[in-house]
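From just these sequences and the hints, can you work out the full model?
Just so you know, the protein sequences line up as chains A and B, in that order. FYI, the working numbering numbers position 42 of the first sequence as 42, with every residue one higher than the one before it. So the number in the working numbering is just where the residue sits in the second sequence, counting from 1, plus 1000.
Treat the hints loosely; a few may be bogus.
[As the list claims (entries may be wrong)] Listed next, the stretches of chain A that the computed footprint assigns to chain B, with coverage defined by at least 3 CB atoms under 8 Å from CB atoms of chain B:
| # | segment |
| --- | --- |
| 1 | 12–22 |
| 2 | 62–76 |
[Unchecked claim] Just the calculated beta-carbon pair ranges, DEER-fashion:
| # | chain 1 | residue 1 | chain 2 | residue 2 | range |
| --- | --- | --- | --- | --- | --- |
| 3 | A | T49 | B | G1341 | 41 to 49 Å |
| 4 | B | Q1056 | A | T3 | 13 to 21 Å |
| 5 | A | M97 | B | R1447 | 43 to 51 Å |
| 6 | B | S1368 | A | T3 | 17 to 25 Å |
| 7 | A | T2 | B | D1318 | 47 to 55 Å |
| 8 | A | Q91 | B | R1222 | 38 to 46 Å |
[As the list claims (entries may be wrong)] Distance condition first, Cα-Cα at most 30 Å in a straight line; then the derived DSS-like pairs of lysine-lysine:
| # | chain 1 | residue 1 | chain 2 | residue 2 |
| --- | --- | --- | --- | --- |
| 9 | A | K14 | A | K28 |
| 10 | B | K1132 | A | K14 |
| 11 | B | K1132 | B | K1018 |
| 12 | B | K1052 | A | K14 |
| 13 | B | K1067 | B | K1132 |
| 14 | B | K1067 | B | K1109 |
Hints listed in this document are in silico derivations from the structure and should not be mistaken for laboratory results. Glycine included, each C-beta is placed from N, C-alpha and C at the ideal position.
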Amino acid sequence: MTTLLDYCSLVRSKNAGPFSLTFDFICKDQETYEDLVATGFLNRNLFATLYGTDPDHILVVNHPLALAVKVSLPRPVVQGDVRDADCYAGQQYAPLMDMEVVRSGAESEDGQQLLPAEASCIG
Amino acid sequence: MELRILAPTGALGAGFDKGAFARGVAACPDVIACDAGSTDSGPAALGSGIPKLSVQAVTRDLRLLLKARDELGVPLIIGSCGTAGRDTGVDQVAGIARRIAAEENLSFKLGLIYSDQPAARLQELYDAGRIKPLAHAPAIDRELFERSHTVAMMGIEPIQEALGAGCDVILAGRASDTALFAAVPHQRGANPGLTWHMAKTIECGAACAIPPSADPMFVTLRDDHFDVTTLADGSRLTPRSIAAHTLYENADPYHIAEPSGVLDTSEATYEAVDERTVRVRGAQYRPADGYTNKLEGAELVGYQTVIVGGVRDRIVIDALPKLIPVAKQYFESKIREVFDGTVDPSSVEIDYRLYGTGAVLGDNEPGSLHPGELGVVITVTAPDQPTAHAVATFVAHASSHLPIVEYEGLVSTLAYPYSPPEMDRGALYRFTLNHVATDVTPTELFRTVTEEL
Chain A
1 MTTLLDYCSL VRSKNAGPFS LTFDFICKDQ ETYEDLVATG FLNRNLFATL YGTDPDHILV
61 VNHPLALAVK VSLPRPVVQG DVRDADCYAG QQYAPLMDME VVRSGAESED GQQLLPAEAS
121 CIG
Chain B
1001 MELRILAPTG ALGAGFDKGA FARGVAACPD VIACDAGSTD SGPAALGSGI PKLSVQAVTR
1061 DLRLLLKARD ELGVPLIIGS CGTAGRDTGV DQVAGIARRI AAEENLSFKL GLIYSDQPAA
1121 RLQELYDAGR IKPLAHAPAI DRELFERSHT VAMMGIEPIQ EALGAGCDVI LAGRASDTAL
1181 FAAVPHQRGA NPGLTWHMAK TIECGAACAI PPSADPMFVT LRDDHFDVTT LADGSRLTPR
1241 SIAAHTLYEN ADPYHIAEPS GVLDTSEATY EAVDERTVRV RGAQYRPADG YTNKLEGAEL
1301 VGYQTVIVGG VRDRIVIDAL PKLIPVAKQY FESKIREVFD GTVDPSSVEI DYRLYGTGAV
1361 LGDNEPGSLH PGELGVVITV TAPDQPTAHA VATFVAHASS HLPIVEYEGL VSTLAYPYSP
1421 PEMDRGALYR FTLNHVATDV TPTELFRTVT EEL
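Take a look at the structure:
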């Protein structure tokens, strides 16, 4: 079984402002990056299922120079609100790290989907 | 053209390395800049006005910065003072700066840029349809602005105006981190794409170095590239570590919004100069049609008292999740009884977090976790602190004496590490805005005051 941690030297989640949750999957090297992207495993449907959101609100970006795949979505609970248990969103990646990476047919539609640009201004 | 920018730290008060900073000062920067805040630590600083970092830690860092600025005779620009960039945060850092100036016998012209937004102004913008939502913004209404404390995030222009007025030290309220580093280069005609990309790269100090730290970074900005160098002892930079920094705390690594347009890093290239320096080229800047300032707001939700406990008995660990709904019903009747009908039970929230069974991810926990020991955090949220505290006292008492059907007698079901077990946490705030004010001039939402020290 090959897991995300077999491909990545860093898997992390963070706030991208109080209303967005973002994941970075930084691969070990060029080969693992290309292999991971080719599987299409990190696609919008996976994150929609895991984090209870609409696939249309999910952004998946491949970043070849950083050897990284980035996924951003609405924060499941607004940062710091009464139900939030992870103020920095720093542990939200945990269910992903040991998941088995399986090939998905969704790669062709992902990796290019862009949110409105102003989404990223967090200062 | 060549401009040198020193970013001493990712946050004023984080405690940067003195030796690394001295190396940066020796390299003769044209400007020293850093931020002192972020929304990343939550809504409390914006809601309450209480900074995240201590006066002592901010004083330590600011003293080093003010002395270096004096030695070099270059501007020092600090943004998002007091964590949230509220007026009180600017005033607090200004007070520290005045004290250091007196102690160290420093003279400079101080510029304070305030970014608090009065409710009436925001309502006017709202009525004119000039407050627009960003991605995943919450719903808002007109009354929100009266309940909420709001700041606007400034771009480079208010800072440039203060520089133009001869300010040597600028303490700004809420500001885009990048604006602090970009203000001087833009003023001196540097390439806009490179300038914004440079600013984005060093805004967190050596967070993009290997290993990451809150230590200083140095940039040399030229006509067609910039060189970024880590000053931290034993740290290095690679083209990849710099490229990867566009990912950090950002939804989209290729398109980064500023008040006047968008930084596009999709054509950027990164090459190693040596172990500590990376050369960056190629970013573009696309001016937007109109100017926007991001708005950030926080409102009071209630007051909280928390109780921390643990469970080691496997029978209690299994029983507890089933007992909580029963306990909550009991608390509802107890609230009516204790407060004699003056407190509505629906205004009090009693929340159990069972650490070990999926408290961190909550509803999104996909696994079925089976802990050998359970951590329990009970949070009581009420309209005022005395009510939260009073409710917490009987919640703590009852929660440690829950009836376990497997046992015939009474057991203590929760191990409390503290006496008393309940702790008043103070106010809870909530972020209220992820919006922009549109069609504004770059300076109209901000107010600048100068003084000679």
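Now for the hints, and whether the structure bears them out:
With a threshold of 8 Å between beta carbons, the proposed coverage of the segment 12–22 of chain A by chain B holds, since 8 of its residues qualify and at least three are required. For the segment 62–76 of chain A, the proposed coverage by chain B is satisfied: 10 residues have a C-beta within less than 8 Å of a C-beta in that chain, meeting the threshold of three. Between T49 (chain A) and G1341 (chain B) the Cβ separation comes to about 46 Å, which falls inside the hinted range of 41 to 49 Å. Taken as a hint, the range 13 to 21 Å is violated for the pair Q1056 (chain B) and T3 (chain A), whose Cβ atoms sit roughly 44 Å apart.
Taken as a hint, the range 43 to 51 Å holds for the pair M97 (chain A) and R1447 (chain B), whose Cβ atoms sit roughly 48 Å apart. In this structure the supplied range 17 to 25 Å holds for S1368 (chain B) paired with T3 (chain A), their Cβ-Cβ distance being about 19 Å. Taking the beta carbon of each, T2 (chain A) and D1318 (chain B) are about 35 Å apart, not inside 47 to 55 Å as hinted. Range check, Q91 (chain A) to R1222 (chain B): Cβ separation about 41 Å, and the 38 to 46 Å hint holds.
Under the criterion of a C-alpha separation no larger than 30 Å, the hint pairing K14 (chain A) with K28 (chain A) is consistent with the structure, at around 20 Å. Between K1132 (chain B) and K14 (chain A), the direct Cα distance comes to roughly 25 Å. Compliance with the 30 Å bound is thereby established for this hinted pair. Of the pairs offered as hints, the one joining K1132 (chain B) and K1018 (chain B) is violated, with about 43 Å between alpha carbons and a cut-off of 30 Å exceeded. A hinted pair counts as satisfied when its Cα atoms are at most 30 Å apart, and K1052 (chain B) with K14 (chain A) qualifies at roughly 19 Å.
Note on K1067 (chain B) and K1132 (chain B): the hinted pairing is violated, with a Cα-Cα distance of about 42 Å set against a maximum of 30 Å. Restraint check: the Cα-Cα separation between K1067 (chain B) and K1109 (chain B) comes to about 14 Å, which is no more than 30 Å; the hinted pair holds.
Against the hints set out earlier in the document, violations occur for numbers 4, 7, 11, 13.
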